[in-house]
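Engineer: If you want the building blocks of each chain, they are given just below.
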Amino acid sequence: MNEFIRGIKRGFPICLGYIPVSFTFGLIAVKMGFSPAQATLISLTNMASAGQFAGIRLIEGGAPYIELIITTFVINLRYFLMSLSLSQKVAHDMPFYKRAIMAYCITDEVFALAAMEPEEVSFPFFGGLMLTPILGWTSGTLLGAVASGLLSPMVQGCMGIALYCMFIAIIIPPARKSRKVALAVVVAAFLSCMFKYVPGLNQLSKVGGGGWAIITAAILGAAICASIKEVKRRRKAARAERSVA
Amino acid sequence: MNYLYVCMFLMFLTTYLIRVIPIGFVRKKMENLWIQDFIYYIPFSVLSAMTFPDVLYSTTATGSEPHISLSAVIATLVALVLAWRKRGLVLVAIVAVLVAIAVEMVLAYV
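Read top to bottom, the protein sequences are chains A and B. Its first residue numbered 1, the first sequence is counted upward by one per residue in this note's numbering. Its first residue numbered 1, the second sequence is counted upward by one per residue in this note's numbering.
If you're looking for bench data, these hints aren't it; they were derived computationally from the structure. A couple of the hints might just be wrong.
Here are the simulated BS3-like cross-link-like pairs (lysine-lysine), alpha carbons at most 30 Å apart as the crow flies [claimed, not checked]:
id : chain 1 : residue 1 : chain 2 : residue 2
1  : B       : 28        : A       : 89
2  : A       : 229       : A       : 177
3  : A       : 9         : A       : 180
4  : A       : 89        : A       : 229
5  : A       : 31        : B       : 28
6  : A       : 9         : B       : 29
7  : B       : 29        : A       : 232
8  : A       : 89        : B       : 29
9  : B       : 86        : A       : 9
10 : B       : 28        : A       : 236
11 : A       : 89        : A       : 180
12 : B       : 29        : A       : 229
13 : B       : 28        : A       : 229
14 : A       : 180       : B       : 86
15 : A       : 236       : A       : 180
16 : B       : 86        : A       : 229
17 : B       : 28        : A       : 180
18 : A       : 180       : B       : 29
19 : B       : 29        : A       : 98
20 : B       : 86        : A       : 98
21 : B       : 29        : A       : 196
22 : B       : 28        : A       : 232
23 : B       : 28        : A       : 98
24 : A       : 232       : A       : 89
25 : B       : 86        : A       : 236
26 : A       : 196       : A       : 177
Stretch by stretch, here's where chain B covers chain A in the computed footprint (C-beta under 8 Å, at least three residues) [to be verified]:
id : stretch
27 : 38-50
28 : 99-109
29 : 119-128
The beta-carbon is built from N, C-alpha and C at its ideal position, and this holds for glycine as well.
Could you build all of it, start to finish, from the sequences and the hints given here?
Structural biologist: Listed below in structure tokens is the structure:
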């Protein structure tokens, strides 16, 4: 029970942060012709920011099913990595149904907070962690859908930055503490910019709604940092061997 | 009408399968240190790659083509400073939105 309460406390800021973002989603969805109930249902069943925005754009354009599946797959592929990472943080004998429930709410923010837990992530903790963000994400969507038209396009546009600033607030404090995390952040950001601006490379960001570019930059960034650490580990081991000899 | 609901179901199914397959079926602890480090860095590299450079385009008024705007640049800098000072995510997000709105309002009058 304690773990559940602790999860709720950790998750609540995410819930608040989700409201402006999902509010924007609700606004845009209604503008595209979705009903408030449909927009809320999409939020409830997806719990995915960028994937939802891309999805409704495709549906509005009458895209074929296969295009919708591929785009959703590519944009949300990062959750595969997060889920894999989380599989290493839960008890190995946790039953499948608990894992299946946790999987539903592996979002960028919820995952980031779970991943930063120093100990194993328990089911009650994750349950508490995901509870209020789900409420915030769905109710924010409904609010935005209902309030559509009350806000000017300028204000609606400005709310789009909330999501990214949440990301910034999640990654900067750990990056300040650890030089290796800072390196991962800088390398991934640099590669992501390369995929957007360097001629030739930028073809990658034009397919799959930018999903391929993000996944490639993220994998390369993490791989480079892990490799640097590996090299250091080997040097240290070699030094230790020499000093023994 | 049917098209819409089939699409909504496909979005749900695709997103959920991506999330459930790794955590649902990977039970072995990975021994390899490189993989452990790689997995440790993933949340940071994913969020960073998603944020930059897209954050600079994120204040475009709804209905317009996305473009880099001064409001986004200033709001991002403010968010970076606040995050550096370890302010919580809600505060950082809300202040950034307000700063972006303020800059847009000033620009509208210049």
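Engineer: Starting from the hint list further up, note which numbers the structure goes against and sort them upward.
Structural biologist: Hints 5, 20, 21, 25, 29 not satisfied by this model.
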